[in-house]
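Chains as they are written, first to last, in this note's numbering: chain A, 1 to 342; chain B, 1 to 342; chain C, 1 to 342.
Hint data in this document are derived by calculation from the structure and do not stem from the laboratory.
Since this is a predicted model, take the numbers as computed values, not measurements.
Worth double-checking, as some hints may not be accurate.
Now the stretches of chain B that chain A is said to cover, found in silico as 3 or more residues with beta-carbon under 8 Å [said to hold, decoys possible]: (1) 52–66; (2) 199–205; (3) 210–223; (4) 230–241; (5) 245–254; (6) 322–333.
No residue lacks a Cβ here, since even glycine has one placed at the ideal position from N, Cα and C.
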Amino acid sequence: MSTIQYRVSELAKRFSLEFKGDGERIIDGVGTLSGAGPSQLSFLSNSKYSAQLATTRAGVVVLNSDAVASCPTAALVARDPYVAYAHIAALFEHLPAAPHGIHPSAVVATGARVSATASIGPCCVIEDGAVVEDGAVLGPHCIVGSHCTVGAQSRLVARVTLVTRVTLGKRVLVHPGAVIGSDGFGLAFDRDHWVKLPQLGGVRIGDDCEIGANTTIDRGALDDTVLEEDVRLDNQIQIAHNVHVGAHTAMAGCAAVAGSAKIGRYCMIGGNAGVLGHLEVADRVTITAKSLVTHSIREAGEYSSGIPLQENRQWRRNAARFKHLDELARRVSALEKDKTDD
Amino acid sequence: MSTIQYRVSELAKRFSLEFKGDGERIIDGVGTLSGAGPSQLSFLSNSKYSAQLATTRAGVVVLNSDAVASCPTAALVARDPYVAYAHIAALFEHLPAAPHGIHPSAVVATGARVSATASIGPCCVIEDGAVVEDGAVLGPHCIVGSHCTVGAQSRLVARVTLVTRVTLGKRVLVHPGAVIGSDGFGLAFDRDHWVKLPQLGGVRIGDDCEIGANTTIDRGALDDTVLEEDVRLDNQIQIAHNVHVGAHTAMAGCAAVAGSAKIGRYCMIGGNAGVLGHLEVADRVTITAKSLVTHSIREAGEYSSGIPLQENRQWRRNAARFKHLDELARRVSALEKDKTDD
Amino acid sequence: MSTIQYRVSELAKRFSLEFKGDGERIIDGVGTLSGAGPSQLSFLSNSKYSAQLATTRAGVVVLNSDAVASCPTAALVARDPYVAYAHIAALFEHLPAAPHGIHPSAVVATGARVSATASIGPCCVIEDGAVVEDGAVLGPHCIVGSHCTVGAQSRLVARVTLVTRVTLGKRVLVHPGAVIGSDGFGLAFDRDHWVKLPQLGGVRIGDDCEIGANTTIDRGALDDTVLEEDVRLDNQIQIAHNVHVGAHTAMAGCAAVAGSAKIGRYCMIGGNAGVLGHLEVADRVTITAKSLVTHSIREAGEYSSGIPLQENRQWRRNAARFKHLDELARRVSALEKDKTDD
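This is chain A alone, in the form it adopts within the complex (with noise of 0.2 Å):
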């Protein structure tokens, strides 16, 4: 399928990285050590997969000085293998390239304003007041509601839904199936039912951002609900009115952060995690997968809540016990009130 190819010397010249054995080689893909072939490029990252590279036939390794001597192929020698892996790795990666212009089946408002050099894909419906910019491109079935506005080279995969009053900075990339700008889950409760409240904000996403499949992301009550730049936000993650997400912020898939809620700059907030609404978390805090924020945090760290899996019967016998925790430390308090009494 591919003929895209690169000579060894070219990939070492391109990103400025030194390379060591044959550099005329040619490559035209990427494999991992224990399955890219002669005409294959790999990286060794991960110390786990040393043993590994021994007995790669990948055409060349992107690998760390350390690592030079035990290559048995070509390498080009990084300082972070794994980033320069990623760089090379996109000039392998084959886009369809997407026509400037709107499909026919594609419906685009009159009040919409949509630049020559967008690509909107069939399906797609543009409502009044929106705004498309230069090279962005619309996959099939994308929704752009009313005063949208998505910025340019910003990427929506495919059915991609931005209600109303979202703005998406430039480079964007959203995934399928991803809803931004939906009302926020506002209630008052009136005697003996509810009454909603109008979300009347809307969503920011600076440039650079990543957001997963069947991701959701509400619009603010009365201000907005803001992501910085380069958040990266992977398949079903839930953010709710008014959070404010820090710059260059991961989240694993499933993790869900309540209103209002303000996440810092460089966390990691990790799978099925949990922050609970209003609260604040600190630049460059670690959330375990499937933790639940319970209060802010105010110092940098790792955190954790949960259990550890065990065998389910050993498991049962444990957790009852923990239904009676506070007797028993209050048992022990009294053993050792017994003690120095003694």
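Starting from the structure of chain A, add chains B and C where the hints point.
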């Protein structure tokens, strides 16, 4: 953008509130206490924000009688300021008027019945035997499957899918990506493989319910899955087949209810909380975020499970001890017995 | 609505079951023991419902030989009544016949290959290099991306998105909102920002798999994400890149599996359970609801984590003690040491 304007005295009259201060002041929007300007209305319902009242620049503030004296601007006095604010704020919401009729790009089966006062947006698909009642609004990309009914004045914001045998009451609001009436997850294990159980029931959603973005509600295996009136579901909630949710119950984002569970009226289910299958939860039960309901709950009250968040190193030590909690309890019992034997 | 009818004796013959009682009785539907009427078939497979047998008004009941004597109506005797019922009930499912051919509103690329016996619904988009095989049915709003294949007799109910390099086997059933083949979440941290790793692999789904509503399955980074045959996924499940799921494994709603984890055959993963990345789970492992798999599991069996639900005040006291559990254990050790020293 807005040209909606009310005098303070008009708002007081319309919502039967007392006003203090300048009744002639013109209000054209709403905002937070700290952000609202002189032509905007704000509210004080949470005493945490009392300090902001002194310095607010809002044109008028909705508050209760205790706070009137501290209000530096016009005031609207309400028994429940949050509820009063919800009603007033709705006046300032700009919902683009939905045109009556069927968009030319929509696909409506000849056997479907669509009211002349309904609005069917671009690329909607209405299948045979479906009914869309008076004043219902379907945004772009909605699918109304066979034998589904969308009740009067209901609104499917965009890209909502009703699969089959789904009945929505009146004034139901459904957000993008929601799937209602998908197959329940019913399987029988036949020696070495799974056999699917056909899902022959439907879904009934009561009047005034709200269903969040990317929420899924499966149809029943034999009987229907039911949400009574005024049930409020946030985003990414999963309701399995044959679940029954009582009136006025609200669930926060990512909650999940397993098959045939029966949740009472006026319950509050926290974010990412879960309810196991076939359980019953009484009326007026609150489940805190991320808790798992593992047994039926017979009495109103607040219920929780889970572990508090801690710094990771500290947490690891405690979590490791949990694996031997039963043994620890036995050791305490032994010490107590020794004591008694002394 | 139904005109599907079978005599009890016909059902017995068709499914090789013994019958007792009136073989001439006409059956035109199925129902629960408590709800079925005289022309409906019901079943008893769970002894919890035995008491309902005495008063059932069903025309015939599928049950095992032990229960025949207690059955007040005609009976079909099966080794596994639930499996037999699953097969019989399928006769009474009304799936609207899908017309062969491509709906005029669908957009099919010239480079796509669609079988003449396939059915492509309204607003579907089939991209270049995609293949739809014999008898496959795509409901409205499905997207089949470049280099995706929909196997023979597979059914995409509605609004399913296959992004790229996705291969579905035969008879695969995918529910609305599912996204298969979205980018895996691969990022390298380059000093002060994220660099995306291109996701160059695909997804392979085996024969007879079922994928729930709004479930997401990412494509692999280099190799493929794989579901072997007869894997059953409920709604809102997240399968990350390069996960491998063994044949006949079933996962309940909202479960999530992180990158490169390998799940065995015949596993049962409970609702909202999680598996961390790069772990291995043996065959025939059951994980209970909301548990987090934090280490590889080498042996078949049932595994759990988590804490039982309690009334909130009681829970708070116990949870507070958990934060000092390590210290408590040390105090118990000290008491034991004192005892020994005595």
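Here's how the hints hold up against the structure:
Residue count for the segment 52–66 of chain B with a Cβ under 8 Å from a Cβ of chain A: 0. That is fewer than the three needed, and the coverage hint is violated. Beta-carbon proximity to chain A at under 8 Å applies to 0 residues in the segment 199–205 of chain B; the threshold of 3 is not reached and the given coverage is violated. Counting residues of the segment 210–223 of chain B whose CB lies closer than 8 Å to any CB of chain A gives 4, so the stated coverage by that chain holds, three being the minimum. Counting residues of the segment 230–241 of chain B whose C-beta sits closer than 8 Å to any C-beta of chain A gives 5, which meets the bar of three, so the coverage hint holds.
With 5 residues bearing a CB less than 8 Å from a CB of chain A, the segment 245–254 of chain B meets the requirement of three and the coverage assertion stands. Given as covered by chain A, the segment 322–333 of chain B passes the check, having 8 residues with a CB less than 8 Å from a CB of that chain where 3 are the minimum.
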